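Visitor: Sequence:
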Amino acid sequence: MVGIMLTTYNQLEDTKRSLQSLRENTTIPYKLVIVDNASTDGTVDFLRDQGYQIIENQHPVCLSVALNQGLRHLLADPDNRYIGWVHNDMLFYPKWMERILDLFAQETAFGKIAPVSLHLFGPDDPKFAEEFMLKHHAVCYPGNACPWVMPREVVEKVGYFDERFIQCGGYEDWDYNNRILEEGYQVVITMGSTVWHPAMGTRKNHDESASALHNAAVYHEKWGIDHPKV
134 MVGIMLTTYN
144 QLEDTKRSLQ
154 SLRENTTIPY
164 KLVIVDNAST
174 DGTVDFLRDQ
184 GYQIIENQHP
194 VCLSVALNQG
204 LRHLLADPDN
214 RYIGWVHNDM
224 LFYPKWMERI
234 LDLFAQETAF
244 GKIAPVSLHL
254 FGPDDPKFAE
264 EFMLKHHAVC
274 YPGNACPWVM
284 PREVVEKVGY
294 FDERFIQCGG
304 YEDWDYNNRI
314 LEEGYQVVIT
324 MGSTVWHPAM
334 GTRKNHDESA
344 SALHNAAVYH
354 EKWGIDHPKV
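Every position in the sequence shown, counted from 1, becomes a number in our numbering once 133 is added.
Hint data in this document are derived by calculation from the structure and do not stem from the laboratory.
Hints may be right or wrong, so weigh each one.
[To be verified] With a cut-off of at most 30 Å between alpha-carbon atoms, the simulated DSS-like pairs for lysine-lysine come out as follows:
{"no.": "1", "residue 1": "K290", "residue 2": "K355"}
{"no.": "2", "residue 1": "K164", "residue 2": "K290"}
{"no.": "3", "residue 1": "K164", "residue 2": "K149"}
{"no.": "4", "residue 1": "K228", "residue 2": "K164"}
{"no.": "5", "residue 1": "K268", "residue 2": "K362"}
{"no.": "6", "residue 1": "K268", "residue 2": "K228"}
{"no.": "7", "residue 1": "K362", "residue 2": "K290"}
[What the hints assert, rightly or not] Computed spacing ranges between beta-carbons, pair by pair:
{"no.": "8", "residue 1": "A271", "residue 2": "L208", "range": "28 to 34 Å"}
{"no.": "9", "residue 1": "Q239", "residue 2": "Q186", "range": "29 to 35 Å"}
{"no.": "10", "residue 1": "R181", "residue 2": "Q239", "range": "38 to 44 Å"}
{"no.": "11", "residue 1": "A271", "residue 2": "T173", "range": "42 to 48 Å"}
{"no.": "12", "residue 1": "E157", "residue 2": "H252", "range": "18 to 24 Å"}
{"no.": "13", "residue 1": "P259", "residue 2": "G357", "range": "42 to 48 Å"}
{"no.": "14", "residue 1": "Q153", "residue 2": "A350", "range": "38 to 44 Å"}
{"no.": "15", "residue 1": "E316", "residue 2": "T173", "range": "37 to 43 Å"}
{"no.": "16", "residue 1": "T241", "residue 2": "R181", "range": "36 to 42 Å"}
{"no.": "17", "residue 1": "R214", "residue 2": "D340", "range": "38 to 44 Å"}
{"no.": "18", "residue 1": "T241", "residue 2": "D210", "range": "20 to 26 Å"}
{"no.": "19", "residue 1": "A343", "residue 2": "H270", "range": "41 to 47 Å"}
{"no.": "20", "residue 1": "G357", "residue 2": "T173", "range": "36 to 42 Å"}
{"no.": "21", "residue 1": "R150", "residue 2": "I358", "range": "37 to 43 Å"}
Treat the numbers as computed from the prediction; the structure is a model and nothing was measured.
For glycine and all other residues, C-beta sits at the position ideal for the given N, C-alpha and C.
Please model the entire structure based on the sequences and the hints provided.
Guide: Okay, here's the thing in structure tokens:
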């Protein structure tokens with residue numbers, strides 16, 4: 134079983150498309166929890182009417198806090214052997230998750246795997262996506278992307294996101310990756326699985342310059358100014 138958390142903040146139409154795509158293209162068993170960050174556009178009412186499991190924030194919280202809310206919920210269910218995070222502006226292709234889990238089965242050193250976004254290579258087309266995944270099924274390289282999936286035991290060893298990283302200013306993912314690496318695992322992107330995610334669908338609508346500066350300072354204090362970002 135895979136426990137998946139989806140974070141939402143407005144963008145209801147994007148959320149509807151993403152949920153439909155996830156439902157149609159994820160055939161392995163999964164449990165979904167949606168962490169909503171005080172949406173004001175009817176997102177919560179829609180999700181509740183559709184019967185989704187929701188963690189509803191009445192006031193905006195930082196991304197690191199929202200991710201930890203989702204992690205705590207998913208880790209509370211012992212059936213969730215893997216934990217994943219998806220965005221509400223993503224579209225998915227058949228077998229995207231299956232191919233990630235196959236990689237975990239083949240290589241126990243992988244601690245976090247993200248599929249590559251197809252928009253970097255071609256059109257949003259299922260036939261092209263399938264051909265692309267088959268052609269590049271063996272290609273993995275160190276890197277950071279979203280969505281991502283981690284084995285439960287990796288999350289339990291590494292722990293929760295550092296909530297000193299504020300808003301959506303970034304760096305919380307690089308910090309978490311460093312902690313995964315410290316546990317002896319690898320953080321990789323695979324070209325054998327792909328989704329459609331042009332990225333920054335939520336963040337681009339907000340000025341995160343101040344929080345980015347704050348988060349950079351927190352990161353550099355922890356890891357040093359020259360520490361590589363994976």
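Visitor: If a hint holds in the structure, say so; if it does not, say that too.
Guide: Against the structure, the hints:
{"no.": "1", "hint": "K290 x K355", "in the structure": "19 Å, holds"}
{"no.": "2", "hint": "K164 x K290", "in the structure": "22 Å, holds"}
{"no.": "3", "hint": "K164 x K149", "in the structure": "17 Å, holds"}
{"no.": "4", "hint": "K228 x K164", "in the structure": "17 Å, holds"}
{"no.": "5", "hint": "K268 x K362", "in the structure": "28 Å, holds"}
{"no.": "6", "hint": "K268 x K228", "in the structure": "14 Å, holds"}
{"no.": "7", "hint": "K362 x K290", "in the structure": "20 Å, holds"}
{"no.": "8", "hint": "A271 x L208: 28 to 34 Å", "in the structure": "32 Å, holds"}
{"no.": "9", "hint": "Q239 x Q186: 29 to 35 Å", "in the structure": "31 Å, holds"}
{"no.": "10", "hint": "R181 x Q239: 38 to 44 Å", "in the structure": "40 Å, holds"}
{"no.": "11", "hint": "A271 x T173: 42 to 48 Å", "in the structure": "45 Å, holds"}
{"no.": "12", "hint": "E157 x H252: 18 to 24 Å", "in the structure": "19 Å, holds"}
{"no.": "13", "hint": "P259 x G357: 42 to 48 Å", "in the structure": "44 Å, holds"}
{"no.": "14", "hint": "Q153 x A350: 38 to 44 Å", "in the structure": "40 Å, holds"}
{"no.": "15", "hint": "E316 x T173: 37 to 43 Å", "in the structure": "39 Å, holds"}
{"no.": "16", "hint": "T241 x R181: 36 to 42 Å", "in the structure": "40 Å, holds"}
{"no.": "17", "hint": "R214 x D340: 38 to 44 Å", "in the structure": "39 Å, holds"}
{"no.": "18", "hint": "T241 x D210: 20 to 26 Å", "in the structure": "23 Å, holds"}
{"no.": "19", "hint": "A343 x H270: 41 to 47 Å", "in the structure": "42 Å, holds"}
{"no.": "20", "hint": "G357 x T173: 36 to 42 Å", "in the structure": "40 Å, holds"}
{"no.": "21", "hint": "R150 x I358: 37 to 43 Å", "in the structure": "41 Å, holds"}
When held up to the earlier numbered hints, the structure conflicts with none and fits them all.
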